[in-house]
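Those sequence lines, one after another, are chains A and B. According to my numbering, the first sequence is numbered sequentially starting from 1. According to my numbering, the second sequence is numbered sequentially starting from 416.
Hints listed in this document are in silico derivations from the structure and should not be mistaken for laboratory results. Fair warning: there could be bad hints in the mix.
One side of the interface only, derived from the structure: several residues of chain B facing chain A at Cβ under 7 Å [claimed, not checked]:
{"hint": "1", "residue": "Gly428"}
{"hint": "2", "residue": "Thr467"}
{"hint": "3", "residue": "Leu515"}
For each residue, glycine too, the CB sits at the ideal point set by N, CA and C.
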Amino acid sequence: MISRNFDVLVIGGGSAGLAAAESIADNGFSVAVADRENYLGGILNQCIHNGFGLHEYGEDLTGPEYAQRCIEKIGKRKNIEVFLETTINHAEETPDGMVLYGFSRSLGIIRLSTRGLVLAMGCRERNRGNIGIPGTRPAGVFTAGLAQRLVNIDGYVPGKEVVLVGSGDIGLIMARRMTWVGSKVLAVVEIQPYPSGLARNISQCIDDFGIPLYLSHVISRIRGKDRVEGVDVTPRVNGILNHEETFTLKCDTLLLSVGLIPDNELSKKLGVELNPQTGGPVVDADLMTSRPGVFACGNVLHVHDLVDSVSAEARRCGTAVCNYLREEERGEQGDAVAGSNIRYVIPGKFRPGRKMVFTMRPLIVKNKAELKISQGKKPVCTRRLVHVQPSEMISITVDLDGAETKRGPLEFHLH
Amino acid sequence: MKKTLVCISCPVGCRLTVSTEEDGSLCVTGNLCARGEEYGREEALSPKRVVTATAPIDSSTRRRIPVKTDGFLPREMINGLLTEIYRLTVAPPVEAGDVLIENFKESGINVVATRSIRE
Numbered sequence: 001m002i003s004r005n006f007d008v009l010v011i012g013g014g015s016a017g018l019a020a021a022e023s024i025a026d027n028g029f030s031v032a033v034a035d036r037e038n039y040l041g042g043i044l045n046q047c048i049h050n051g052f053g054l055h056e057y058g059e060d061l062t063g064p065e066y067a068q069r070c071i072e073k074i075g076k077r078k079n080i081e082v083f084l085e086t087t088i089n090h091a092e093e094t095p096d097g098m099v100l101y102g103f104s105r106s107l108g109i110i111r112l113s114t115r116g117l118v119l120a121m122g123c124r125e126r127n128r129g130n131i132g133i134p135g136t137r138p139a140g141v142f143t144a145g146l147a148q149r150l151v152n153i154d155g156y157v158p159g160k161e162v163v164l165v166g167s168g169d170i171g172l173i174m175a176r177r178m179t180w181v182g183s184k185v186l187a188v189v190e191i192q193p194y195p196s197g198l199a200r201n202i203s204q205c206i207d208d209f210g211i212p213l214y215l216s217h218v219i220s221r222i223r224g225k226d227r228v229e230g231v232d233v234t235p236r237v238n239g240i241l242n243h244e245e246t247f248t249l250k251c252d253t254l255l256l257s258v259g260l261i262p263d264n265e266l267s268k269k270l271g272v273e274l275n276p277q278t279g280g281p282v283v284d285a286d287l288m289t290s291r292p293g294v295f296a297c298g299n300v301l302h303v304h305d306l307v308d309s310v311s312a313e314a315r316r317c318g319t320a321v322c323n324y325l326r327e328e329e330r331g332e333q334g335d336a337v338a339g340s341n342i343r344y345v346i347p348g349k350f351r352p353g354r355k356m357v358f359t360m361r362p363l364i365v366k367n368k369a370e371l372k373i374s375q376g377k378k379p380v381c382t383r384r385l386v387h388v389q390p391s392e393m394i395s396i397t398v399d400l401d402g403a404e405t406k407r408g409p410l411e412f413h414l415h
Numbered sequence: 416m417k418k419t420l421v422c423i424s425c426p427v428g429c430r431l432t433v434s435t436e437e438d439g440s441l442c443v444t445g446n447l448c449a450r451g452e453e454y455g456r457e458e459a460l461s462p463k464r465v466v467t468a469t470a471p472i473d474s475s476t477r478r479r480i481p482v483k484t485d486g487f488l489p490r491e492m493i494n495g496l497l498t499e500i501y502r503l504t505v506a507p508p509v510e511a512g513d514v515l516i517e518n519f520k521e522s523g524i525n526v527v528a529t530r531s532i533r534e
């Protein structure tokens, strides 16, 4: 068995893992990056559409182009070693750090000892089981991301006549992609009364092709024995299905774009505490989980909508890991909590005297909103936001010079 | 003429109104930036899109190579371009940015690789 020692092990070689590894290596520490695929860049490689990198690079890049920039930065650094086709699946604590075991296609079982660990495994898709669609269980039901991988990486077309469930951006992008590979997209079915994807994706991915969008509708049955033969679509009125208005769409494929879940199976094995609001680990002001030395960033921590904000968060995580390795004084921390109209705040802790970036999900749709950050009755700062909606993450830098932990939690209120 | 559009230049998605003035010129309102004005004008006259797709590649490691147009192509030319992209036989080594289709049907638009595949 091959046994190696690194200052930090990063699990996952996507946008989060690569940016974290880069910032840790720049501080002079040795880093290993392990990824289960035989290429770096993660999910970006299958996101062949443009729209990435506007914040990070001031350019409109495709997913593979953004990935390539991340990979090239890693390649230039001598103190980063990459383990591809390697799945980490077991961890043990040791007196001076931890030991992780994994399976590598080329090296067999490997043993990596490390002082710091960065969780950067990303997220996975909710599937048919998660939303409980009734009906038979034929072939032809895919998640949108799996279909995207089949088309863009493996070169297969998963079906000819397609119905999409969910109007999130991945689903909309796939409606256009399936049309552009010659399949017919019959409908996009959305349970909510409004689309969950960006207006520009409604415009350029379904309106351009005349694909009907059924709002306040659900798939009430999947039909077919060996292969999908059709789906029943039922309107939803005030939360109740109106079965009298059900109609059937004949199709051979159903694609599901119904949300993402941080992929924390390994985190659970490590005994890391999870946050039920985000599905990701509970982290402190340094993005460190409940297990000392174990950090998290990117979609494994909470699902982001822009890769640019993943890269920025991962760099902050990398810096925090380095401070931990240098055994810098960590200082006292207070709680950062979601107040009115905010679903969650990451991180859930603050450290006084610092400038910190907080990211949060709003619960409301509003133009000219105001975000008030306070400690008890004492206001810390106020930000005006041009437009807020749940599908767009809010990211702000807060100067915590005047904050004190004894004054109680830092609260975020949106009005 | 009066048209309402959603600007696709960035994630904000401004709702634009494009109307024809008495002198025949186009007036765009609702945009937050200059790109919106340009998009509104172009969309009213001749809609154009960036096209992204994948082409087959004869590689030992990959089956498809991702590609994009290096600019905006008139919408009515998209299907013809896709047919041509899917007919390509690309051989490595390819660097991101390499031109795979040059000046498609005199449109001035090239198709370039968006990923380097070296073997």
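Could you work out which earlier hints the structure fails to respect and list their numbers in ascending sequence? Per hint list: single violation, 3.
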